[in-house]
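Asker: Residues per chain are reported as follows:
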Amino acid sequence: MTEPTNAVLPRGVTQEEFAEALEKFRAVLGDANVLVRSEQLVPYNKIMMPVENAAHAPSAALTATTVEQIQEIVKICNAHRIPVYPISTGRNFGYGSAAPVQRGQIILDLKKMNKIIKIDAEMCYALVEPGVTYGQLYNYIQENKLPVMLSFSAPSAIAGPVGNTMDRGVGYTPYGEHFMMQCGMEVVLANGDVYRTGMGGVPGSNTWQIFKWGYGPTLDGMFTQANYGICTKMGFWLMPKPPVFKPFEVIFENEEDIVEIVDLLRPLRMSGTIPNSVVIASTLWEAGSAHLTRAQYVSEPGHTPDSVIRQMQKDTGMGAWNLYAALYGTREQVDVNWKIVTDAFRKLGKGRIVTQEEAGDKQPFKYRAELMSGVPNLQEFGLYNWRGGGGSMWFAPVSEARGSECRKQAALAKRILHKHGLDYVAEFIVAPRDMHHVIDVLYNRTDAEETRRADACFNELLDEFEKEGYAVYRVNTRFQERVARSYGPVKRDVEHAIKRALDPNNVLAPGRCGIDLDSYRKS
Amino acid sequence: MTFDRRSMLKGMALLGVASPFLGSALPALAAAGLPAPALPTSILLSAGAADSAFVQGAHASIGASAVSVFQASIELDFMQDFEQQLHRGQAQRVIGLLDDALATPLLAVARSAGASVPWLGQHTATAGLSRHRVLTADMADGCVGQLHRQLLACGAGFTLNDERHDNRVIATELSGPSRSPGHLDQWAAAIGFLLASLVSGKPGTPPLFPAGRGSPIGSFVSFAIVA
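Just so you know, the protein sequences line up as chains V and Y, in that order. Going by my numbering, the first residue of the first sequence is number 1268, and it counts up by one from there. Going by my numbering, the first residue of the second sequence is number 112, and it counts up by one from there.
To be clear, the hints were calculated from the coordinates, so they are not data collected in a lab.
List of simulated lysine to any residue pairs, SDA-like, C-alpha gap at most 25 Å:
#1 V:Lys1382 / Y:His198
#2 V:Lys1633 / Y:Gln191
#3 V:Lys1412 / Y:Asp188
#4 V:Lys1382 / Y:Glu194
#5 V:Lys1633 / V:Tyr1407
#6 V:Lys1291 / Y:Gly225
#7 V:Lys1508 / Y:Asp188
#8 V:Lys1379 / Y:Asp188
#9 V:Lys1379 / Y:Arg199
#10 V:Lys1382 / Y:Ala224
#11 V:Lys1379 / Y:Gln191
#12 V:Lys1382 / Y:Gly225
#13 V:Lys1581 / V:Asp1628
#14 V:Lys1382 / Y:Arg199
#15 V:Lys1681 / V:Ser1566
#16 V:Lys1382 / Y:Gln201
#17 V:Lys1379 / Y:Gln196
#18 V:Lys1686 / Y:Thr237
#19 V:Lys1412 / Y:Gln195
#20 V:Lys1379 / Y:Ala338
#21 V:Lys1379 / Y:Ala202
#22 V:Lys1581 / V:Glu1522
#23 V:Lys1633 / Y:Glu186
#24 V:Lys1382 / Y:Asp188
Please build the complete structure, drawing on both the sequences and the hints.
Answerer: Printed below as a string of structure tokens:
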């Protein structure tokens, strides 16, 4: 076959070399699974970051269906030094979408590896391939009337557990810390070996999805937010469906209330009285999720003034902070915990409690309740209409679950965003000890000047938070190298030593999370 | 393409709104003897002022009878129906103009279903200016140039960022001054025309459309999906 000239090439690879590699990929996968035409690649190149799409343009995309094919692919990649960027469902949106971290990398799209290998409703676990979506799992659980419940992030139905967990994403149920609930992985290494973590290496073992640690070093975490292997199977625990589920919202009027909210919540989370990943959403996150748009309230460019936000609160009944939580268990357990929770808020003397009975089908309560009970929906995509224009970057610093810290972070972020004419659209996701402070930096990609401001804003957020000892837990591909630097040189040296050992040709997603043998120089 | 009954009903409701507006322009266009496309073409829209102009443009390219208009929805049922349709393996063409909340998951679903996307545009329109950022593939060769000419001809102020997936590292920035803000809705009609022409394989030059009833103000995503 005559290969047309390909304008997007992997770094350091010639046309001839690339054409030869493509021929080998075709031999392994068949023509239909080697995508090189530009109209096939455009959908992989939709980004939400403040750079040209060209910076993240793939040179090709491959779709595989078996582990053996992936073993062959990595061998070809090694032979021709072709960098390969694996994706499961590619639904990372504000953390980087499906586009590769560097221009020219080929995408290995695992969407066709979408088998639900096993769901054990008695032991409450699942084993799935990377292309499985939460929507697919939800349908399976419903159709088979299984007494288990899923936990997922807000894009829910169209995202998948492998991608989300490998990026250490979170959900909103008691099983919301997804990596904590992961149990057993199968990983194709750069040399083609297939490595199973935990108990997975023991022939005949039936505890791969039961016992996480196995024997000796436990390496599962090493493969998350990294580029040391390609995850081809993953196990994770499922929560038994509780007989009673009671979602509720507590609405707070003032920004300063965040201090008391968090300090009240912490002991309730630590004791397990409130078991799920609680969310505390700002007014504008709430507004976007309810599909309100900025244009409905203000036409001037720049950030939305506080006076307008207060007016929105008045008009809609939304709070400055809107806390969503749920209780799970038997009727008796829920009743006892409900009394503890309501007593605590009553004692605080602040916060208006809204129950499901009171909220009815009102948004955003409805979608929040669904997320906390493992029912998928797409409601939160409404955030992208708040400002419009297709720009979104999730800035997600970790905070102590301490009120004063949350107030400090919120004020710092708001000041920087407003300086750059952008809005503070944020939620805190509350674990017992930490908070994921997730800020959606929304901006208009059709406006070149606003796009430059968004880029400058994100850099300043990273810089200023770092000065205070804060760092993000996850970031989009444009800023991964920058964020890796926040965590210090020794960590980076170790990460690159591991990379040299496992992937000496640097073919697996070089640049992901700042790990790249070609560009990294030991400090 | 067919969607479930609920989506179909929504689509019919949408057409009910759009048809009276389109009526004035279509007879003249039909008289021009425009050919029908070989493959079924669906138009997906979200409720908004740009919708009518977009449909008007598409009809002008390939005729009203050759397209079905559907209102997209953020409901999971709609996205799952859409994905299933693309997975059925029948050749089909979908063009549309959606808001960001709808377009973001819909295009992700289209990618997973293996569809090609020769045109992906991001558009913002304010009272006196429209901004466009377009990512295109080989199949859409010439379309951005036509859009540029149309934007210049209609006289409303604009910026146009043109990025080809496979042969330019740096995007081309184009712009034009505002001379006639009354024609601001031309961009939506022109894109409807160009995308319908693109997926039908029948290239044409968009005409200057009669002024619409309202200005399409807001943020939109245009796309052509070929499955």
